[in-house]
Amino acid sequence: MSDELLHKSVEELYEEGPCGYLFTRIDGTILRVNDTLLTWSGYARHELVHARRFQDLLTLPGQIFYENQFFPLLRMQGSVKEVAFDFARHGREPLPVLINSILRTDADGNPTLIASAIFDATDRRAYELELIRSQRSSEQLAAVVRMSSDAIISMSPTGVVETWNDGAKRLFGYAAEDIIGTYIREILSPGDEVSWPEIMADLREGHPVQRDMVVQCADGHSVDVSAGFTPHWNAVGSLGSVSVIMRDIAERRAIERLQQDFLAVTTHELRSPVTGIKGNAQIMQRRAEYNERALEAIIAQADKLQRLIDDLLLASKIQSDGLTVVLEETDLTAAAYRAVTYLGAGEREIRVEVPEQPLVVFADQNQLSQMLTNLLTNAIKYSAEGEGVTVRLTRHGSEAHISVIDHGVGIARDDLPHLFDRFYRVRDTAGRVPGLGLGLYICRRIAEAHGGRIDVHSQPGHGSTFTVTLPMQTTQDR
Amino acid sequence: MRGSFQWYGWIFIRDARCEDLRCKIVESKPHETVLMAMLKRFGDTVSVLKRNNVTIMGNGETPMIFAHGYGCDQHMWRLITPAFVDSNRLILFDHVGAGKSDISAYDRAKYSSLDGYAEDLLEICRELDLKNAIFVGHSVSTMIGVLAAIKEPERFSRLVLIGPSPRYINDTYYEGGFTRKDIDDLLDFQDSNYLGWSASMAPVIMGSENEPELSEELHNSFCRTDPDIARQFAAVTFLSDNRDDLPEVRVPSLVIQCQDDAIAPTSVGEYVRDHLLESDMVILNATGHCPHLSAPEETIAAIKNFLDA
Numbered sequence: 011m012s013d014e015l016l017h018k019s020v021e022e023l024y025e026e027g028p029c030g031y032l033f034t035r036i037d038g039t040i041l042r043v044n045d046t047l048l049t050w051s052g053y054a055r056h057e058l059v060h061a062r063r064f065q066d067l068l069t070l071p072g073q074i075f076y077e078n079q080f081f082p083l084l085r086m087q088g089s090v091k092e093v094a095f096d097f098a099r100h101g102r103e104p105l106p107v108l109i110n111s112i113l114r115t116d117a118d119g120n121p122t123l124i125a126s127a128i129f130d131a132t133d134r135r136a137y138e139l140e141l142i143r144s145q146r147s148s149e150q151l152a153a154v155v156r157m158s159s160d161a162i163i164s165m166s167p168t169g170v171v172e173t174w175n176d177g178a179k180r181l182f183g184y185a186a187e188d189i190i191g192t193y194i195r196e197i198l199s200p201g202d203e204v205s206w207p208e209i210m211a212d213l214r215e216g217h218p219v220q221r222d223m224v225v226q227c228a229d230g231h232s233v234d235v236s237a238g239f240t241p242h243w244n245a246v247g248s249l250g251s252v253s254v255i256m257r258d259i260a261e262r263r264a265i266e267r268l269q270q271d272f273l274a275v276t277t278h279e280l281r282s283p284v285t286g287i288k289g290n291a292q293i294m295q296r297r298a299e300y301n302e303r304a305l306e307a308i309i310a311q312a313d314k315l316q317r318l319i320d321d322l323l324l325a326s327k328i329q330s331d332g333l334t335v336v337l338e339e340t341d342l343t344a345a346a347y348r349a350v351t352y353l354g355a356g357e358r359e360i361r362v363e364v365p366e367q368p369l370v371v372f373a374d375q376n377q378l379s380q381m382l383t384n385l386l387t388n389a390i391k392y393s394a395e396g397e398g399v400t401v402r403l404t405r406h407g408s409e410a411h412i413s414v415i416d417h418g419v420g421i422a423r424d425d426l427p428h429l430f431d432r433f434y435r436v437r438d439t440a441g442r443v444p445g446l447g448l449g450l451y452i453c454r455r456i457a458e459a460h461g462g463r464i465d466v467h468s469q470p471g472h473g474s475t476f477t478v479t480l481p482m483q484t485t486q487d488r
Numbered sequence: 002m003r004g005s006f007q008w009y010g011w012i013f014i015r016d017a018r019c020e021d022l023r024c025k026i027v028e029s030k031p032h033e034t035v036l037m038a039m040l041k042r043f044g045d046t047v048s049v050l051k052r053n054n055v056t057i058m059g060n061g062e063t064p065m066i067f068a069h070g071y072g073c074d075q076h077m078w079r080l081i082t083p084a085f086v087d088s089n090r091l092i093l094f095d096h097v098g099a100g101k102s103d104i105s106a107y108d109r110a111k112y113s114s115l116d117g118y119a120e121d122l123l124e125i126c127r128e129l130d131l132k133n134a135i136f137v138g139h140s141v142s143t144m145i146g147v148l149a150a151i152k153e154p155e156r157f158s159r160l161v162l163i164g165p166s167p168r169y170i171n172d173t174y175y176e177g178g179f180t181r182k183d184i185d186d187l188l189d190f191q192d193s194n195y196l197g198w199s200a201s202m203a204p205v206i207m208g209s210e211n212e213p214e215l216s217e218e219l220h221n222s223f224c225r226t227d228p229d230i231a232r233q234f235a236a237v238t239f240l241s242d243n244r245d246d247l248p249e250v251r252v253p254s255l256v257i258q259c260q261d262d263a264i265a266p267t268s269v270g271e272y273v274r275d276h277l278l279e280s281d282m283v284i285l286n287a288t289g290h291c292p293h294l295s296a297p298e299e300t301i302a303a304i305k306n307f308l309d310a
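Residue numbers (the working numbering), protein chains in the order written: chain A, 11 to 488; chain B, 2 to 310.
So here's chain A without its partners, still in its complex pose:
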């Protein structure tokens, strides 16, 4: 092998090897490039050597990095290893590269030359981005778990707690360091319908499990939860871990209880007028004669039954479809008188106070009358014998106020905030809790559907005033 062959091989390796070689002055002016680097840059040699600086081949962020960090580092340390840059290639996508540079000095120690070896880092950059991306997404996931108000934990296939998020700590009171490593069974009980071995068997077969369970909290009290178990497989194909999400279902349980109560109450309330109707009819049948009082009682009870059923239907409709209103011009004074007449004067005095000018609103006639009837019925129900009830209509600017005033027992302060809630029932003077708890809820929904509202002022022992506010729309507003 001759020297010439060796020399030529070195030359070729230098020019065409997998690495770019670059020599520049201190200010970055390019002095020499090898063929590889030339190809990467997309320029011709004369466009680079003595024509451009190394910085000019970088993307803008790279230039800033070069000035602020790369060059100072090189100048102070004499060398730089593996700095990432993007080569801004002429007419092509930037090429990610890694640069190693050495600062060469002259005999007096003055820096004269920068020699650099440049590597294509496309693959490495792709891995780095992937790493950053997966780091970020796992950080995001960790944040979701951390911030979740649900308890999110994980356990081993044998039921040993492995992770425990803040939500779990908040719900159950155990700190992560105290509960990790213990068996979940010690605090989580499945209830009567299913056993732990059955749950684990399901999970091992790959079925997620959803069950209502009870958790024993750190302070001793129990919490009802809905627990969702999801199995995860490891690389070998067996059960690796199980993630469990537990949600406090106290609210759900409360609603279930409320619904059961409601069903019980409704049945009772509906039954009692039916009993009255039947009883009075039987009296007439037995005596085989026309009985005025019995018939009046039957009609009154039938009316009451009708109102109850109307309320139920309306509440149910509000629940499912929302309240649709058919608006037409309505004179509130006329509507008030209609409602009062419908209820019948009977034993009560119902006074109606109206303003000089008619109060006209756009309202759904049916719903308006239902609302007024409800309010008046309540006023009568909660007043003492012989006490009067007042309906007062007033105008305040662009609003019409309908006030129903009674001087009865009034409403306790504790009840006031919940008065217009669905199913909320208040004890009457005799300590009974009559009604379905729907009347005021319906009034509120009707008022709101008309763009208005309903308020109450009450003093226990002195009476209550319910005020419905409705907007008075001029025809131009429609």
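Simulated from the structure, these hints should not be mistaken for lab results. Heads up, a few of these hints could be off.
[Claimed, not checked] Distance windows between CB atoms, simulated: (1) A:S12 x B:I284: 50 to 58 Å; (2) A:R180 x B:D103: 49 to 57 Å; (3) A:R35 x B:K305: 35 to 43 Å; (4) A:L337 x B:S114: 51 to 59 Å; (5) B:A302 x A:R35: 16 to 24 Å; (6) B:K182 x A:S330: 45 to 53 Å; (7) A:Q145 x B:K182: 19 to 27 Å; (8) B:I284 x A:D118: 53 to 61 Å; (9) A:V154 x B:K182: 26 to 34 Å; (10) A:D118 x B:S158: 34 to 42 Å.
Just so it is clear, CB atoms sit at the ideal spot from N, CA and C, and this is done for glycine as well.
Following the hints, position chain B against chain A.
Chain B only, in chain A's frame:
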């Protein structure tokens, strides 16, 4: 008899990085004993100097304080300081997050604007009781110096601003040199160098036979910045806008401008000179953004000219 006396004590501090003793007069408040006051003062002193890795050297009278720019630490002044060490008292420091500063002192809220850094600079000045000091700042530290000089002008007699830019992003009728997208790309670029960062920013020295004094002390700390802090500092720097602060400066200033500086172009240097009340500008032959590293003699000459004038 009058109420409280005021007691005086002295603390002598010997700092490992300082080359001499410094004497501090301590005045105690009426409710504390002298000893308590001395101990408290000692604690405060040590903590500011430690926080910013303050180095003090030089035999002269007039204090000269150097503030490094974004990216590196006080070592970047190495080639300049020898020219002033005999005639001045030199104070060098690292911004929090850079060099050997105390990273635990980093507070995202405080350092979310340059005012936080300006406050640190002033704390160092107060600590060392600097008055009529010459301030030499590079890049973003030029604006940090500007903010400090507006707040406590009696601390500074001159400002030397190397490669200043009051705002990097272009605005209507203002050419900062960068678009918002450029800056966003820069911040992303920061992230991508993060993984390569720890490998490259603490490199093993590859045979610099001519500069053996670049010892252990340098090779792991120079340009080493915590990546998260670096990212926030980059954002704060490149998104800053201090144009309105320039006219408030009451200290004579010098703008040192390089040719072909991609980060602080000549038009920006001119803008700074035009909006500072009392200022001069010198354009060096050097190119790039760090003339104190690439052309130290020219830089020293420019500074000396300014100080002698």
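Worksheet entry | Hints violated by the structure (numbers, ascending) | Hints 2, 3, 8 contradicted; others consistent.
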